[in-house]
Amino acid sequence: QLVNKIIPPDPVVEFSDGGLVSTVTDMAKWDAALYTDKLLKKETLQLMFTPIKIKNGFGPYGLGFGTTPFQGHKRVGHIGRIPGFESAFTRFIDDKISVIIFINTELDSGQMDMANQIASFYF
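Counted the way our numbering counts, the sequence shown spans residues 1 to 123.
If you're looking for bench data, these hints aren't it; they were derived computationally from the structure. Some hints could be false.
Below are the DSS-like pairs computed for lysine-lysine, each with C-alpha atoms no more than 25 Å apart in a straight line [stated by the list, open to error]:
id, residue 1, residue 2
1, Lys74, Lys29
2, Lys29, Lys42
3, Lys53, Lys38
4, Lys55, Lys74
5, Lys42, Lys5
6, Lys74, Lys38
7, Lys74, Lys5
8, Lys53, Lys42
9, Lys74, Lys96
10, Lys5, Lys41
11, Lys29, Lys53
12, Lys74, Lys53
13, Lys38, Lys55
14, Lys96, Lys41
15, Lys5, Lys38
Across the chosen pairs, the derived CB separations fall in these ranges [stated by the list, open to error]:
id, residue 1, residue 2, range
16, Val24, Leu47, 20 to 30 Å
17, Thr25, Gly57, 14 to 24 Å
18, Met48, Ile97, 39 to 49 Å
19, Ile54, Asn4, 34 to 44 Å
20, Lys5, Ile54, 33 to 43 Å
21, Ser120, Lys5, 18 to 28 Å
22, Glu43, Asn4, 43 to 53 Å
In this text, a Cβ means the ideal position worked out from N, Cα and C, and glycines have one as well.
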């Protein structure tokens, strides 16, 4: 239902990009902090980045992170979208390279394809 010609966010998707209030700069700071023990212990991150078997067959997936390799590099990340916004966070753990994308759009812009294209410049 449109309200003032705007589709209000569905409270069911108030997670990931649906409730994200941040900047790319802040996300880069968060990413950098994950390489230290400031936010989480190394062991906790390792658990988050380790794929588990999910009953519905979705995966490979860690605790909040997809865990698919890219061109032989260990990669974790998460993408999401709601009407008007898409985001992608991909992290190449061993290479200490991350790609963070925020897009204002009404269509599926293929944020993961964009992240892959950017990563291709490094690998």
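(message) I'd like to know which numbered hints this structure contradicts. Please list them from smallest to largest.
(response) Hints 3, 5, 7, 10, 11, 13, 15, 17, 18, 21 not satisfied by this model.
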